[in-house]
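Residue numbers (my numbering), protein chains in the order written: chain D, 1 to 345; chain A, 1 to 383.
It should be emphasised that the hints constitute simulated quantities derived from the structure, not laboratory data. You can trust all of the hints, since none of them are fake.
Straight-line C-alpha distance at most 25 Å; calculated SDA-like pairs for lysine to any residue: (1) Lys235/A / Ser193/D; (2) Lys323/A / Arg129/A; (3) Lys99/A / Gly317/D; (4) Lys235/A / Ser183/D; (5) Lys192/A / Ala325/D; (6) Lys184/A / Thr5/D; (7) Lys58/A / Arg293/A; (8) Lys374/A / Val59/D; (9) Lys235/A / Pro180/D; (10) Lys99/A / Tyr318/D; (11) Lys192/A / Trp314/D; (12) Lys374/A / Glu175/D; (13) Lys376/A / Glu175/D; (14) Lys237/A / Ser195/D; (15) Lys235/A / Leu192/D; (16) Lys192/A / Pro180/D; (17) Lys192/A / Ile322/D; (18) Lys192/A / Leu14/D; (19) Lys237/A / Gln4/D; (20) Lys151/A / Asn361/A; (21) Lys192/A / Tyr318/D; (22) Lys235/A / Tyr310/D; (23) Lys235/A / Gly196/D.
If we take Cβ atoms under 10 Å as the criterion, some of the chain A residues that face chain D in the derived model are: (24) Val188; (25) Tyr191; (26) Lys204; (27) Glu231.
Computed beta-carbon distance windows for the label pairs: (28) Thr185/A / Leu332/D: 36 to 42 Å; (29) Leu117/D / Thr185/A: 43 to 49 Å; (30) Leu57/D / Gly259/A: 23 to 29 Å; (31) Ala84/A / Met337/D: 56 to 62 Å; (32) Val59/D / Gly208/A: 40 to 46 Å; (33) Val163/D / Pro274/A: 47 to 53 Å; (34) Gly120/D / Lys255/A: 19 to 25 Å.
Predicted model only: the values in this text are computed from it and were never measured. Note that the Cβ used here is the ideal one computed from N, Cα and C, for glycine as well.
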Amino acid sequence: MDLQTVLILAQDGLTNGAIYLLLAVALILVFGVTRIVLIPQGEFVSYGALTLASLQLGVMPGTVWLLLIMASIAAVMETFRLVSSEAVRQLPVTLATILIPPAAIALLAKMCIPLHLALGWQVLLTMLIVTPIGPLVYRVAFRPLADATVLVLLIAAVAVHFVLVGLGLLFFGAEGVRTPPFSDAHLTLGTLSVSGQSLWVYAASFILISLLAWFFSRTLYGKALRAVAFNRNGARLVGISPHLAGTYSFALAAAIGCLSGVMIAPITTVYYDSGFLIGLKGFIGAIVGGMASYPIAAAGALMVGILESYSSFWLSGYKDVIVFAAIIPILLWRSLMSVHYEEEE
Amino acid sequence: MKQVITGICLAASMAMVTAAQADITIGVNVSSTGPAASLGMAEKNAISLGPTVIAGQKVKYVIYDDATDTTNAVQNVKRLISEAKVDVIVGPTTSPTSKAVTDTVAESKTPMIQLSPGITASSDDPKRRWIFNAPPADAVYADALIKHMVKKGIKTVSVIAVDDAYGENCTVAYRKLADQKGIKTLTVEKYKRADTSATAQVLKAMQGNPDAVYIASSGTPGALPHVALIERGYKGKIYQSGGSANAEFLRVGGKALEGSFMLGSPLLAAEQFPDKYPAKKESLEFVKLYEARFGARNFFASLSWNALKIVEAAVPKALKVAKPGTEQFRAALRDAIEGTKGLKGAGTVFTMTKSDHTGINQLGMCVLKIENGKWKLEDHAEF
Chain D
1 MDLQTVLILA QDGLTNGAIY LLLAVALILV FGVTRIVLIP QGEFVSYGAL
51 TLASLQLGVM PGTVWLLLIM ASIAAVMETF RLVSSEAVRQ LPVTLATILI
101 PPAAIALLAK MCIPLHLALG WQVLLTMLIV TPIGPLVYRV AFRPLADATV
151 LVLLIAAVAV HFVLVGLGLL FFGAEGVRTP PFSDAHLTLG TLSVSGQSLW
201 VYAASFILIS LLAWFFSRTL YGKALRAVAF NRNGARLVGI SPHLAGTYSF
251 ALAAAIGCLS GVMIAPITTV YYDSGFLIGL KGFIGAIVGG MASYPIAAAG
301 ALMVGILESY SSFWLSGYKD VIVFAAIIPI LLWRSLMSVH YEEEE
Chain A
1 MKQVITGICL AASMAMVTAA QADITIGVNV SSTGPAASLG MAEKNAISLG
51 PTVIAGQKVK YVIYDDATDT TNAVQNVKRL ISEAKVDVIV GPTTSPTSKA
101 VTDTVAESKT PMIQLSPGIT ASSDDPKRRW IFNAPPADAV YADALIKHMV
151 KKGIKTVSVI AVDDAYGENC TVAYRKLADQ KGIKTLTVEK YKRADTSATA
201 QVLKAMQGNP DAVYIASSGT PGALPHVALI ERGYKGKIYQ SGGSANAEFL
251 RVGGKALEGS FMLGSPLLAA EQFPDKYPAK KESLEFVKLY EARFGARNFF
301 ASLSWNALKI VEAAVPKALK VAKPGTEQFR AALRDAIEGT KGLKGAGTVF
351 TMTKSDHTGI NQLGMCVLKI ENGKWKLEDH AEF
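Bound-form chain A, shown alone (with noise of 0.2 Å):
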């Protein structure tokens, strides 16, 4: 009986200092379910590896799964606004989601970082000022990209993206800086996520016998191309987008990737890097919580982690503006979150401006070589 009445006293208490002290309540809205499943069960896998105090104050999570689907990611997010009161929004995982909630963010003035690459985006237009992206901007990729196919003397490119908004996206970056630089594009193929055959579009790209071929995809799907190419004899250089990088990919594809060249993460060869790389402690931590707890490091995982750190070290500069749960709250961080400085997350260092909301630069890129089965080192930016 005793027991039972210090629970009762002790929870009561607890009751008294919770409300005392408003708790961060962060929201978070991925794709555990869908087409992009693979990227919102790591994100959300990585949610849970994320602080539960910041600053003295207790960290609520309230989590929502969108299926990939616009439709529901909007009503989530509206959800997590109206109900859950959030004060800032992790997620959602693809662009169209994130495209279709921009309105709904922008409205309740929420500041949300998204785990898909969008347009950089400026705190003087309305809509995206609400609005920060946890991954490179496309046309950091394609930066990188480009640069290693000028100094392996790469003068023609075949391009097969998967045809999805993701596909689109990295094929225009990519062509706006190949033909500034020179880099001819031979053809553009695209194909389906679940096509049983992807001869026919390899076929069209081998057309021309091109010095390279860039396959844009994320995830596994970009295995179905580069096996083909592989099975067609193709033997020019295989690049593949950052989207791809990720153990599950090695795995389906196999013997057929090997020497083939890979955008991503420095996360992915963290061990490689040379120890002055900033960003270095900061990844191989991620690295070890990850894997402890979920296998193989991810990239999608990554994004998340970093999310969470952008607001454990803004959330103390908004605290001294106001109280969590109130719209001063929310504003101030979105001020903090935007004055983001030199970073250092999971395989990359964040510096946000008012007309650069993503923060990263070339130390959030590498180029990766597959070989043995595994990622190795094969080139990355000056620090």
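With the rest of the complex left out, here is chain D (with noise of 0.2 Å):
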């Protein structure tokens, strides 16, 4: 193996090791603050890389409908919750906020989708598009069940992430998409080449996670996640509601999910259940850090993007045996290292 390959397989594999980052991120974000193992995570990435693929093409995207139908569920549940709870005066403001945006967007897919925009708006419309089915999932799935323990969470993700990937194959059909690349521009390092849209990758977890840095650390909203994250009591005894945390937790795991779909669909085929493998894989970078720590994850994630490249190098048929395997050691490390704390139920 020359020096050119060693680098070529490293770049690859940061590559890939960058969107397992961002997933990772948004599987502990989400997890801290709901104690909920998002595994329809990966669900937002083929969404992202579908819908933006169905826009280049003129077509509606089914995520539209998806959208519409789940703010519809929403919306009948919110009605029956506040009429039994006897608050009805609350319905109108309730119903408008659930059902408007949904709406809008929809309209707005529609009236964008004959002009075909160029490739920034229609990424950005995707965003639009697949973001509010996060909060969504949220409220109709996993709200009912906020005080449930962490493994009938856990099963209701399942079921989540098998209605999602089936939703998927309904709407897009079984076939992969592959979109135009965001600049075929080739940056050549020495003996190295590195595509453009690699950059277009780097640069935009560099952006998301700085991005993320300040909404934690210096916005009402983040400190409030990071506060329920930290304690849920605590946080509820000085006025943070749970369910808001939720639903902004899971809006930001929707749209780093997308915005990884939307990344990643020029450089692989991306299909209906594509997401899932992709998100297992942060998944394993989450678990690196503990899914608590995001600076251990971050590496983890790296790790596991590099650790794929060379073992797809050198032992192509048990790439992913290795992969996975490589989570029994780190448990173990994990499980020596750490000091256990009683889960406060």
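With the hints as a guide, bring the two chains together.
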């Protein structure tokens, strides 16, 4: 293996690792705030890529229908909740906040599709369509279970994963998509040629991580999310609604997943069910970080990417075996190193 | 009121007619969801174009989806046999699901035409006795591939295969013949359908600068290593296995596919075949029917269509022996299917024998070249 191969593999691994990193961050965020292991995280990746591809073909993406349907279900659930708690007066405002944004987005999509907008606008529209699905998933599937045990939430997450994958097949069909790259430019560093798309992935990951760091350390909402992750009951006592925190964390997770999907769509063929495996690798990164530490999870996710790249070269048939088996020594090491706290229930 | 009574009378008389003459029931089990959905959906589409009456008997279709899951496939086939009392089964879609239902089908003595390639069945093997294949055997693909490689003077080849039963079977069939013809296989690399990158496998495959790279994959996943090869500046020839031969693959692969070769059914370039190609008329007929309803022609759709053709040709012979819905009828149907001779289908001609339950020779195979995003006929067998 010559130096060039080593470098290309490292670069390839880092590109994938950057995506896993974003997903790992989203997983830790959601787990911290809501104690949900967000198995459906990968579906947002597929939805992002497939929605963008539909927009480019000038077809109404199925995710728009999903958005409208889920908003309707959420509206019905809210109505029941408010009626049974005799707070009918809040009903019009609540329904308006649930129904109007999705309807507006659907209308916007309908108007924009025939215009064949530039790629940048299409990406923005994709983010607008997919991001609200996150909070709606939380509202419909998880909020009624918010106080359940971690195990129940995990089971619900698995169920949601299957539902979203099935809907993905229904809306987008079984075939994969590949979108045109953001830029055809190539950066040549000595003997190493880095594609423009990889640079986009690095830049987008870096910017997103910086934005998240700023959000969590400087803004009120970010601090509120951190407070809920740190101590749910304490946060509630100082007036932070855990439901609102859950909604925000799901919106962030969906946005991060969608952006990841948009970025990998030009690199690989994305299928309706591709997201799961990608999300699983992000999950390994998150586990390295103990589902708590962002920097360690980031390092773990990059490690997964690089391990995957080199094992693909040496032993391509056992690549996933190697990557997923790596989780066992990591868990062993973590359980030996970490101090255990009894979970407060 | 009068109309209602007439309606009832009509319904009653129709019910009597159906009771008097038992329908032929065709059970279909395909993977229209799950990883093999792109194959299964096309197969299901073609079933809807199938005959509604065969030899004066009404045909009833019972269609199940196994979600590309072996357990579901077995359950579905059991339901088809015990509840729907089918006379013949079409499906399953994939090699693993087909393998899983083999025992169930053999026990119930129901003929089955599977839509995945398998080992050549023989009527002497009690388990494989009832099973027939609609697609060509892997060896037929490999034969056409190696012949073309020899023609092009290719000496060294790297294989990149998708990590599933299909990729494995293609690789095994290819290696067997390649070794005989003195073509050296440098390496066999594996990748997963949902992988985000195949760069590492491509770099490994390019080591030693092979004359050609053979990509064994079914459907659009074949595009990932292909595009990576072009990106890494590979200048040799690229061959794609027959599984990728659909319009979606051309769309996903785009410009990177130009000039590469693909093994495929003559169906894909039916118009370009000389008129003396025996199945030209039948191929064009299917293309016309399918494209009018479902868009671009599809090899997998032709498999279930051909399976129904085989059944359609065999039923009249079996009807002479017994009535549909009986064990005798199923046995007679099996014998009739095994006796299929010179049957022209979409993109192939079937001639089954006791030791060949696929019945497809090089007439069901050709080499295509991808030019300007379309199939161009490159090479075909003598006929």
